[in-house]
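Participant: Chain by chain, the residues:
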Amino acid sequence: MSLIEVRNLTKIYGDGEAKTPVLHDISFTIDKGEFVAIMGPSGSGKSTLLHLLGFLDDYTTGSYIFEGREAKSYAGDEVARIRNKKLGFVFQSFNLLPHTTVFENVKLPLLYSDIPEATWGALAEKAIEAVGLSHRRDFDATQLSGGEKQRAAIARALVCSPSVIFADEPTGNLDSKSGGAVMDILKKLNEVDGHTIILITHETDTARHARRIIRIKDGMIESDTVVAKEHRANGNTLNKID
Amino acid sequence: MTFKHSIKTATEGLKANKARSVLTILGIVIGVTAIILVVSMGQGAQNLILDQVKGMGTRTVIVGGGREPTGPSDAGQIFSDSLTKRDLDLLMRRENTPSVKYIMPLVFGASSAAYESDTFNLTIFGVSPLMEEIFDMPVKNGVFFTDEDVRGRAKYVVIGHKVKTELFGADEAVGKVIKMKEHSFRVIGVLAERGQDFFNFDEAAIIPYTTAQDYVLGIKHFNRIVTEAKSETLINQAAEEIKLTLRESHDITDSTKDDFFVITQVDLAGRLGAITSVLTIFLAAVAAISLVVGGIGIMNIMLVSVTERTKEIGLRKALGATDRDILSQFLLEAIILTGIGGIVGIILGASLSFGISMLIVKIAVLAWSFSFPFSAALLGLGVSGLIGLIFGLYPARKAARKSPINALRYE
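In order, the protein sequences belong to chains C and B.
According to the numbering used here, the residues represented by the first sequence are 1 to 242, in order.
According to the numbering used here, the residues represented by the second sequence are 1 to 411, in order.
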């Protein structure tokens with residue numbers, strides 16, 4: 001069973017005259033343990049696709065089966081439950097709570113979970129350690145550098161051990177050095193810890209860390225390419241992919 | 001999310017905006033302060049009045065001429081000369097009023113009193129020597145007049161404490177002669193100081209009622225007949241006996257046509273208490289309006305806060321917060337705000353009314369007592385919490401309905 005199975009997915013915003021189709025007939029599957037980059041220029045519909053996959057928005061037609069169950073069949077609090085338990089989000093603008101320590105920020109998803117409170121501290125510590133931020137544990141989120149902020153956000157996405165981590169332009173607000181560090185962590189999470197990662201980006205530099213690249217243009221899949229292992233993270237291979 | 005963590009989250013949200021939180025609750029603080037102040041002062045005033053009424057004696061039953069006036073222009077007043085010497089004699093008969101211990105006629109009128117070059121405006125009370133007993137009115141210097149003096153229409157006067165100090169200062173008053181309504185009265189006694197009481201006896205001149213009727217007021221009737229029941233339990237029975245006797249004397253068969261009224265100290269206390277209660281409730285209601293205004297202020301700020309925190313709300317939802325989690329977070333913020341406002345208001349209101357009570361005691365020399373209005377405090381706290389709930393609900397619902405996509409949008 002695939003982790004994610006998308007069949008003929010469409011998304012149309014608005015009604016009547018103002019009807020704006022954003023996604024046309026998208027189909028693909030993603031298996032557990034994959035590291036997929038969804039690439040495309042702005043306005044291509046890649047963010048909308050991420051919203052649909054992340055249970056943040058409803059699709060218009062087609063089918064999206066997540067872990068064997070149609071996404072539309074989840075209702076009300078079940079959706080919140082899925083987001084909490086199965087999905088982790090990393091955002092371009094970090095979205096850490098200000099005036100709150102790294103530790104408390106990472107703990108935030110646990111507050112909404114049914115995981116016993118006694119284990120929260122240990123789980124948060126473990127997630128912070130996984131992104132190498134233990135020395136910043138009690139720092140206020142506003143005191144961190146951009147790269148550190150994003151690493152804290154990754155720890156927060158990890159803390160509930162989700163089935164998949166969605167990273168939406170995670171390096172978009174970072175310089176290339178700290179962006180690289182963030183990508184290294186995501187790669188490590190995928191390769192070493194076996195996390196499924198779906199990365200949204202418009203930068204080829206970032207996308208090359210993934211093992212598979214789905215290109216989107218004008219709401220349709222343009223290409224779906226598996227990147228050979230030896231080609232990954234190798235500047236030379238990018239041309240071959242293109 | 002557990003309730004404990006909801007509260008923690010809400011408190012942290014408020015702490016992040018301390019100055020705004022403080023300003024927001026100001027309206028509630030002022031509203032609750034005003035309510036506590038008004039109710040506390042109202043209770044103080046009520047206690048003061050009731051104490052004064054009780055000073056009349058708990059067994060006192062007062063009979064007045066005319067129908068009990070229901071308003072300033074009440075026509076019942078025209079019968080106010082209905083209490084006669086005959087009525088008094090009938091009431092004095094033991095078989096007519098077995099539950100009554102003392103019966104005393106009372107007439108009164110305003111006058112001025114002059115001694116040498118000093119004059120003082122006072123109230124003349126024409127009474128019998130029973131006055132001392134019924135109103136528990138000890139004479140400090142000199143003596144009270146006797147029944148003999150009443151029969152002889154003696155021009156003797158017992159003066160109140162203030163009359164004495166105004167006319168005689170520190171000098172001895174007993175034995176001096178003062179002039180009231182062109183008649184000379186010999187001062188035979190000075191009353192002990194009574195402070196504020198219902199009849200204000202400190203500013204009274206007390207003379208035999210016969211003297212007052214014939215020489216001073218020129219009337220044949222009595223303004224009041226003051227009686228005292230044998231015991232507190234007999235007070236209603238005594239009132240009934242008096243009514244029956246007077247109806248017979250006045251040939252009245254229909255009690256609604258009574259040309260007199262009987263009032264007990266309990267009645268009077270109840271009636272005056274009702275007046276101050278109504279006033280207090282009215283003022284508290286005015287103060288409560290400010291609570292509603294405060295509530296609207298809270299709603300306004302909560303709406304701003306919800307808009308400002310769109311990203312935070314979206315983030316929390318993306319991380320797994322349910323609509324109810326978000327709703328309770330913002331609702332709790334509003335309730336905690338108003339709750340704190342309520343508590344601060346209660347403390348502030350109580351301290352203010354305590355301070356004012358102290359001032360009243362010190363400056364106005366009244367037997368004013370501070371009382372903490374527990375019911376008003378509870379009500380104030382409850383109402384402010386409720387206001388948080390009501391005015392917080394709309395912003396909280398707005399927050400709960402926000403889409404998590406907003407958190408993903410680049411700012």
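Hints were generated in silico from the structure; no laboratory data involved.
Hints may contain errors.
[Said to hold, decoys possible] List time: in silico EDC-like cross-link candidates among lysine to aspartate or glutamate, alpha-carbon distance up to 16 Å: (1) B:K179 x B:E116; (2) B:K4 x C:D140; (3) B:K15 x C:D140; (4) B:K8 x C:E117; (5) B:K8 x C:E191; (6) B:K4 x C:E117; (7) B:K140 x B:D89.
All values reported here derive from a predicted model rather than from experimental measurement.
Participant: Determine for every hint whether it applies to the structure shown.
Facilitator: Results for each hint:
no. : hint            : verdict
1   : B:K179 x B:E116 : holds (9 Å)
2   : B:K4 x C:D140   : violated (23 Å)
3   : B:K15 x C:D140  : holds (15 Å)
4   : B:K8 x C:E117   : holds (14 Å)
5   : B:K8 x C:E191   : violated (38 Å)
6   : B:K4 x C:E117   : holds (11 Å)
7   : B:K140 x B:D89  : violated (32 Å)
When the structure is compared with the earlier hints, violations turn up for hints 2, 5, 7 and for no others.
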